[in-house]
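Participant: The lines below spell out each chain.
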Amino acid sequence: MTSTHLVIGPGSGEDAEDSAELSPLRQAILATEGVARIYPPANVPSKIVRAVGVAASSVRAVIEDFLPSAEEDAVAHRSVAVAENDEGSSEIRDEKILDSASSEVTSISVRIGTTAQANVPQTVRAVAQALRKIHGEHVAVTVDVVHI
Amino acid sequence: MELMNNDEPTLDTLSMWLQDQQDGVQTPEHRELTRHINECPSCSQRIAALKRVDQVSADLVSTEVAVQKKDTTWLDDLMANLVFETLAGRSIPLSAEYDVDNFSITEGAILAAIRGVADSMENLIIGRCRLVGDVEEPTSPIIVQVSATVRYGAVIAEVTDRLRELITAEVHRVCELNIEAIDIEVQDIFGSPLEAGE
Chain A
12 MTSTHLVIGP GSGEDAEDSA ELSPLRQAIL ATEGVARIYP PANVPSKIVR
62 AVGVAASSVR AVIEDFLPSA EEDAVAHRSV AVAENDEGSS EIRDEKILDS
112 ASSEVTSISV RIGTTAQANV PQTVRAVAQA LRKIHGEHVA VTVDVVHI
Chain B
17 MELMNNDEPT LDTLSMWLQD QQDGVQTPEH RELTRHINEC PSCSQRIAAL
67 KRVDQVSADL VSTEVAVQKK DTTWLDDLMA NLVFETLAGR SIPLSAEYDV
117 DNFSITEGAI LAAIRGVADS MENLIIGRCR LVGDVEEPTS PIIVQVSATV
167 RYGAVIAEVT DRLRELITAE VHRVCELNIE AIDIEVQDIF GSPLEAGE
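Protein chains in written order, with my numbering: chain A, 12 to 159; chain B, 17 to 214.
To be clear, the hints were calculated from the coordinates, so they are not data collected in a lab. Everything numeric in this text was worked out from a predicted model, so none of it was measured. We put the beta carbon where it would ideally sit given N, CA and C, even for glycine. A hint or two may mislead.
Stated by the list, open to error - Here are a few chain A residues that sit away from chain B, every Cβ distance over 10 angstroms (derived from the structure):
1. H16
2. A39
3. L41
4. I145
5. D155
What the hints assert, rightly or not - From the structure, some residues in chain A lie toward chain B, with a derived Cβ separation under 10 angstroms:
6. P35
7. T153
8. V157
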């Protein structure tokens with residue numbers, strides 16, 4: 012069983028395509044009372060440093076709908092890349108959407124902006140509830156409010 | 017107007033963008049920067065702050081240009097703090113029902129919210145705004161420090177009391193910080209006796 016970490020981006024703009032996997036999550040987040048918008052994830056890697064072969068079971072899979080190349084390359088084989096972010100730290104990320112039979116969504120991250128009148132603590136808890144309705148009680152949710 | 021790969025646009029660039037936006041400019045560079053601003057919370061907050069500065073400046077100029085104080089330190093103070101406050105800053109935790117969850121709000125978002133309610137007041141402009149204390153520790157006592165400029169003729173005690181009420185309500189709306197005190201330092205007066213009807 013491979014654990015999968017979903018990073019939800021805004022999924023809009025010229026370069027980004029919606030994906031069947033992430034679209035329902037994005038819709039659920041945006042439908043939550045108090046949520047104004049979804050922001051792109053922080054620390055988007057500036058470059059892919061090198062590609063290495065790693066057993067899929069040992070990696071934290073990342074599906075990044077904000078990087079169009081990740082979706083375009085979503086094919087059957089599993090190539091794993093080590094990405095380096097601006098701070099120089101390395102993160103292993105799988106560019107491929109893994110077979111649903113062998114992977115399970117264990118965590119979801121999203122950065123949001125809230126409306127001017129929203130109660131922010133209640134809003135983030137409501138977002139987590141909405142995501143759990145889709146992926147189950149076990150999923151760990153990270154919500155970062157970056158704009159009000 | 018230029019936006020390089022990973023570089024953040026400068027305040028000057030954002031100011032130019034705002035002017036172009038008001039003038040209806042639609043160049044590719046403008047559209048590129050618009051896209052960046054829409055996706056960048058820091059730049060969105062800076063644009064909002066620049067719009068407020070524009071509004072305040074226009075209000076003052078329209079009242080009576082001839083008697084405006086030449087000393088605009090309050091405006092300089094506001095501008096100097098704008099960039100600092102719109103950075104994401106520290107990550108401030110929010111409580112969660114599940115241990116596996118991780119909820120937070122950026123310090124910059126809270127400061128923007130505080131500035132937003134302060135800007136709703138006609139007789140006051142805030143300059144510096146800081147959260148003093150260990151905001152990353154949920155129960156740690158926090159002091160909100162604000163510097164302000166009050167309009168000539170306004171009763172300072174009434175204005176600061178009202179600001180304190182608004183900040184208290186806004187902080188409770190957006191986060192769960194343990195606010196111990198809200199310190200407001202009035203540093204200057206803006207406006208003029210003429211404007212105040214004297």
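Participant: Next, verify each hint and record whether it holds.
Facilitator: Going through the hints against the structure:
no.	hint	verdict
1	H16	holds, 12 angstroms
2	A39	holds, 16 angstroms
3	L41	holds, 15 angstroms
4	I145	holds, 15 angstroms
5	D155	violated, 5 angstroms
6	P35	violated, 20 angstroms
7	T153	holds, 4 angstroms
8	V157	holds, 4 angstroms
Of the numbered hints listed earlier, those contradicted by the structure are 5 and 6.
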